[in-house]
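Under the numbering used here, the first residue of the sequence shown carries the number 1, and numbering increases by one thereafter.
Quick caveat, the hints were computed from the structure, so don't treat them as lab data. Any given hint could turn out to be false.
What the hints assert, rightly or not - Below, computed lysine to any residue pairings styled on SDA-like, alpha-carbon distance capped at 25 Å: (1) 37 / 26; (2) 37 / 81; (3) 63 / 36; (4) 37 / 3; (5) 68 / 28; (6) 37 / 50; (7) 37 / 70; (8) 51 / 6; (9) 73 / 85.
Unchecked claim - Using C-beta positions, here's what the derived DEER-type ranges look like: (10) 91 / 32: 20 to 28 Å; (11) 21 / 71: 30 to 38 Å; (12) 6 / 68: 38 to 46 Å; (13) 100 / 30: 16 to 24 Å; (14) 53 / 92: 12 to 20 Å; (15) 14 / 44: 28 to 36 Å; (16) 19 / 100: 19 to 27 Å; (17) 29 / 90: 18 to 26 Å; (18) 70 / 101: 15 to 23 Å.
All C-beta atoms, glycine included, are put in the ideal place defined by N, C-alpha and C.
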Amino acid sequence: VTTPPECCEAIISYIRSFSDIPIVIAEGTGDASLETKDVFQSLGYQELSQKIGVPLIDLNHAKLTYLKDNTRKVFPEMYLPECVFEHYLISVPVLKAHSLSKLTGTLKI
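Sequences are here, hints too, so could you generate the full structure?
What follows is the structure, given as structure tokens:
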């Protein structure tokens with residue numbers, strides 16, 4: 001289950017109606033057997049990128065920033081894509097269904 005490109009296009013169109021800030025679409029596959037560029041292509045994001053002039057960023061290959069916080073019990077050290085600290089982020093998650101329940105009540109973010 002993925003966010004439809006039309007949903008992102010509508011959000012970008014709305015933002016562009018009042019601002020000329022640079023906009024990018026950033027994503028990374030959670031599956032090591034897949035390349036994000038191939039997923040962008042198959043889901044229609046490559047076409048959207050060309051249509052509206054918004055670059056695509058593969059977070060799996062983005063430059064990383066190292067973070068350390070010893071007060072955290074879980075993941076006191078981590079690497080995150082540098083670009084997430086340089087831009088405002090708009091997360092566009094999709095409600096997820098699960099085969100073992102009617103509703104999981106969670107979002108993939």
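For residue 14 and residue 44, compare the CB-CB distance with the range 28 to 36 Å and indicate the outcome. 19 Å, violated
Kindly confirm whether 20 to 28 Å is satisfied by the beta carbon distance between residue 91 and residue 32. Because 23 Å falls inside the window, the suggested range holds.
Could one say that the CB atoms of residue 19 and residue 100 fall in the range 19 to 27 Å? With a Cβ separation near 43 Å, residue 19 and residue 100 fall outside 19 to 27 Å, so the hint is violated.
What's the verdict on residue 68 and residue 28, does the C-alpha distance respect the 25 Å limit or exceed it? 22 Å, holds
Could you tell me whether the CB distance from residue 21 to residue 71 stays inside 30 to 38 Å? 34 Å, holds
Honestly, do residue 70 and residue 101 meet the 15 to 23 Å range at C-beta? 37 Å, violated
When you take the CB atoms of residue 6 and residue 68, is the distance between them in 38 to 46 Å? 40 Å, holds
Quickly compare the C-alpha distance for residue 51 and residue 6 to 25 Å and report which way the hint goes. The hint holds at about 12 Å.
Hint consistency between residue 63 and residue 36 [alpha-carbon to alpha-carbon, up to 25 Å]: 15 Å, holds
Please work out if residue 37 and residue 81 have their alpha carbons no farther apart than 25 Å. 17 Å, holds
Holds or violated: are the alpha carbons of residue 37 and residue 70 at most 25 Å from each other? 35 Å, violated
Can the restraint linking residue 37 and residue 3 be considered satisfied, given a maximum Cα separation of 25 Å? 16 Å, holds
When held up to the earlier numbered hints, the structure conflicts with 7, 15, 16, 18 and fits the remainder.
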